[in-house]
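Student: Let the sequences and hints guide you as you build the complete structure.
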Amino acid sequence: MAEDVFLSDDLLRQLMSVGEVDLLVGMSSHNAANTVSHALDAIEESFQRNFVRQRVVIVHVGGGDKDEDGVVAKGHGNLAETGLRLPGITSLRTSHRVTANVPDPPSRGIALRTILAAADLLRARACAVVSPGVSNLTPDSIASLLRPVYREKFDFAAPLYARNKYQGLLARNLLYPMSRALFGCGIRELFSDEWGFSGRLASLCLNQDVWHEEAIQARPEAWMAVSAISSDFRCCQAFLGEKPQAAKGLGTDIVEVLRQTVGTLFWCLETQQSWWWDCGRSQPAPAFGPDHELTADPTDLDRHRIFEMFRSGVTELEPILSSILDPETHSEIKSIVSREEGKFRFKSDIWVRTLYDFAASYHHAVINRDHLVQALAPLYRGMTYSFLVEHSDSSPADMEAASELLCGEFELQKPYLMERWKAKIEVKS
Amino acid sequence: MRETILRALREVYGNLVHMIAEFLPRFLVMLIIIVIGLLVAFVLKYILRALLGVTKLDRVSDDAGASRVLRMAHLPPMTELLSRSIFWVTWIGFILVGLSVLGVAGLQEQISRLFQFLPEVFVAMLILFLGAVIANFLSRTALLAAVNAGHPSPKILSWSIRFVVWILAISMTMEELGVARQTVISAFSIIFGASMLGLAIAFGLGGQDLARKCLERYLGDTKKKEDKEPQPL
Numbered sequence: 001m002a003e004d005v006f007l008s009d010d011l012l013r014q015l016m017s018v019g020e021v022d023l024l025v026g027m028s029s030h031n032a033a034n035t036v037s038h039a040l041d042a043i044e045e046s047f048q049r050n051f052v053r054q055r056v057v058i059v060h061v062g063g064g065d066k067d068e069d070g071v072v073a074k075g076h077g078n079l080a081e082t083g084l085r086l087p088g089i090t091s092l093r094t095s096h097r098v099t100a101n102v103p104d105p106p107s108r109g110i111a112l113r114t115i116l117a118a119a120d121l122l123r124a125r126a127c128a129v130v131s132p133g134v135s136n137l138t139p140d141s142i143a144s145l146l147r148p149v150y151r152e153k154f155d156f157a158a159p160l161y162a163r164n165k166y167q168g169l170l171a172r173n174l175l176y177p178m179s180r181a182l183f184g185c186g187i188r189e190l191f192s193d194e195w196g197f198s199g200r201l202a203s204l205c206l207n208q209d210v211w212h213e214e215a216i217q218a219r220p221e222a223w224m225a226v227s228a229i230s231s232d233f234r235c236c237q238a239f240l241g242e243k244p245q246a247a248k249g250l251g252t253d254i255v256e257v258l259r260q261t262v263g264t265l266f267w268c269l270e271t272q273q274s275w276w277w278d279c280g281r282s283q284p285a286p287a288f289g290p291d292h293e294l295t296a297d298p299t300d301l302d303r304h305r306i307f308e309m310f311r312s313g314v315t316e317l318e319p320i321l322s323s324i325l326d327p328e329t330h331s332e333i334k335s336i337v338s339r340e341e342g343k344f345r346f347k348s349d350i351w352v353r354t355l356y357d358f359a360a361s362y363h364h365a366v367i368n369r370d371h372l373v374q375a376l377a378p379l380y381r382g383m384t385y386s387f388l389v390e391h392s393d394s395s396p397a398d399m400e401a402a403s404e405l406l407c408g409e410f411e412l413q414k415p416y417l418m419e420r421w422k423a424k425i426e427v428k429s
Numbered sequence: 001m002r003e004t005i006l007r008a009l010r011e012v013y014g015n016l017v018h019m020i021a022e023f024l025p026r027f028l029v030m031l032i033i034i035v036i037g038l039l040v041a042f043v044l045k046y047i048l049r050a051l052l053g054v055t056k057l058d059r060v061s062d063d064a065g066a067s068r069v070l071r072m073a074h075l076p077p078m079t080e081l082l083s084r085s086i087f088w089v090t091w092i093g094f095i096l097v098g099l100s101v102l103g104v105a106g107l108q109e110q111i112s113r114l115f116q117f118l119p120e121v122f123v124a125m126l127i128l129f130l131g132a133v134i135a136n137f138l139s140r141t142a143l144l145a146a147v148n149a150g151h152p153s154p155k156i157l158s159w160s161i162r163f164v165v166w167i168l169a170i171s172m173t174m175e176e177l178g179v180a181r182q183t184v185i186s187a188f189s190i191i192f193g194a195s196m197l198g199l200a201i202a203f204g205l206g207g208q209d210l211a212r213k214c215l216e217r218y219l220g221d222t223k224k225k226e227d228k229e230p231q232p233l
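In order, the protein sequences belong to chains W and F. Sequential numbering from 1 applies to the first sequence in my numbering. Sequential numbering from 1 applies to the second sequence in my numbering.
No lab work stands behind these hints, which were simulated from the structure alone. Note that this is a predicted model, so its numbers are computed, not measured. It is possible that part of the hints are untrue.
[Claimed, not checked] Simulated pairs of lysine-lysine, DSSO-like, Cα-Cα distance not exceeding 30 Å:
| hint | chain 1 | residue 1 | chain 2 | residue 2 |
| --- | --- | --- | --- | --- |
| 1 | W | K422 | F | K56 |
| 2 | F | K155 | W | K334 |
| 3 | F | K155 | W | K343 |
| 4 | W | K334 | W | K347 |
Tutor: Shown next as C-alpha cells:
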C-alpha cells in the first residue's frame, strides 16, 4: 500500500502492536511539550468519559523533540498502570499512544498523511484531528467531533464555534458562502485546527495523489471536506464552544491567511471542477448543537487604516487587477474606491463577481497564482471595512440574514463564474 | 580613336552581358532556394503545430508554469512559439544558403561568420527573455508585498527592482554579444553603484523619519499591529 512507503519502520512496528481500533485521535506539534501534555490529558479524559468500551489510540506526529516524545511515551499502555485513570470512571479498553517522528517541523500535510495512514492501517472507524496549540481543547470538544462520525455514521465533522461578530470575516464573507454555493454543502468552518472524519474518508484521501501539492501541505482540512462532499459522503458540523485562539496561529497576517485558505479553495475548484460544475443548489450540513453563536464583545479595530489600505492597494495594484478582473468589475471597483470613506460600501454583487473573476483567473493562470491570491488582500480589506460599518449595530439575527443573502448572491452568480471559467479555454483551443 | 572607344565599349558591354549571363541563373537559383525554403518552412511549421497539438504541449506548459512565463513576456503560447521559431529558423537558413549561391566576393565569409555568431545571438536573446521575466516577477512580488504591508511608496520599490534587473540583463546580453565589453562592465558598475549609494544616502539622510518608522514597524511591537484588523478566520 502507498502508506508503507513513507511510514518509518518504527511507526509501523508501533501500529502493528496496537492492532485494530475504533477511535483514533491525531495531533501534530513541534517543540511544545507543555501543550502536548495538556492535549493528551484532554484526549484521555474524553476517551474515559465518553468512549469507555471502544478501542482507542492517540497518534502524535512530532519533529523528534525529546521532551515531547517523553510526554507522549509516559502514558503508553494501559491507563490503569500509568495512574492516569480518572476517579469513578472505568475504561474497559487499553488506550494506546503512538509517536511518529517526521522531518522537523512537520507540515500540516505531512502530519495529516501520517495520521490518515495510521487510521487506515488500524482500521479506525472514527478519527479526529486536534491541535495541541489551541487554547481551549477540552474532552467535550474532542467527543463532539468523534461522536457524529462514530455513532451517527457521518464521514466528515467540521467544527462550529461561538465567536465575536467582528472576527472570522474571511470565513463569513468568502470561504463559507463561496464553498457552499459551488460545492453544494454549507460548512461554516472549512479551515480549522480540529475536525473529525471516518475511516473510509481517511482511506479515500490517503490514496489521492495530491500530497506533494503546496495547498495540501499548508491546509489539507478544506480539501478533505471537499473530497467528502464530492464523493457524496455525509458531512456535518459539531458545535465546540468558543472559537479557540491558536497559540502559534497566523493571527491577522491576512496575506498568509489568504494564501493558505483562498489559495487552497481555488486549488480545490481546479481539481474538483467536474463536481461543482454540475452541482445544484446547496444543502446545509446538519449541525450538532447550536448552529454557531455570535458575541458582541468590544474590539479594537482601526477602520480608517483598513479603508486606507484598501484604497491605496486598489490604486497601486491597478495593472495587476486589470489583468485579473473583468473590465466591467474593475471599473466598478475603481468607481467605489473614489467615494468618501463614510459613503463607501462594497456591494455583495460586486464582491461576488470580484471573487469569481479571481477564481477564473486562477484557473487560467493569468499571472503567477501566488501573486494572484496576494492581490486579493486589498479587496478583502475593502469588504471587511464595508462589513464593519454596515454591521456596527446589527444583531446576530441581522448578520445571519445578511450572510444568507450573500450565500444566495454567490449561487445566483455561479453561471458568471462558469462562463468566465470556460471563456479562456475556448480561446485557447 | 573612335575605333578604340567603340572597342572599349564593346568589351564593357560584352563583360556586362557575360556578368549578367553568369549572375542571372545564380539569382534565379537563389530565388528558387528562398521560395522552396519558404514552402519547407511553412510545411514544417504546420507539421510541428499539428504534432504539438496532438501531444497537448500547451496543457503541459500550463501545468509546468511555462505558459505563465510566456504570457508575462507577452509571447504567444508554447505551441505557437515553437512553430513560429521552426518557421523562421528554417527560412533564414534557406535564405543564407541562397545568398551564398550568388558567389558575391566576401559575402560567403560574412555568412559563415553570421552562422558562427548565431549561437551567441540565441544565448543573448535567452538572457534578455529571462531578464524580462525575472524583472517582471520580482517587481510584482515587491509591489504586492509593499502594498499589503502598507508601505508608503510601493511603486518606487517595484520600479527600482525592475530597473536593477533590467540593467543586469542588458549588461549580460552585451557581454555575451561582445559589444564594448569593458565599457559595458564599467557602465554597469557605475550605474548600479551610483543607484545603490544614492538610495542609501536618500534613505539615511533625506528620509530619517521614514527609516525610523520602517524600523519601528518591522522590529517594534507586532501585537499592537495585529489588533488593528479583525481575525480573518
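Student: Could you run down the list of hints and mark each one as holding or not?
Tutor: Structure-based check of all given hints:
no., hint, in the structure
1, K422/W with K56/F, "holds (18 Å)"
2, K155/F with K334/W, "holds (18 Å)"
3, K155/F with K343/W, "holds (28 Å)"
4, K334/W with K347/W, "holds (13 Å)"
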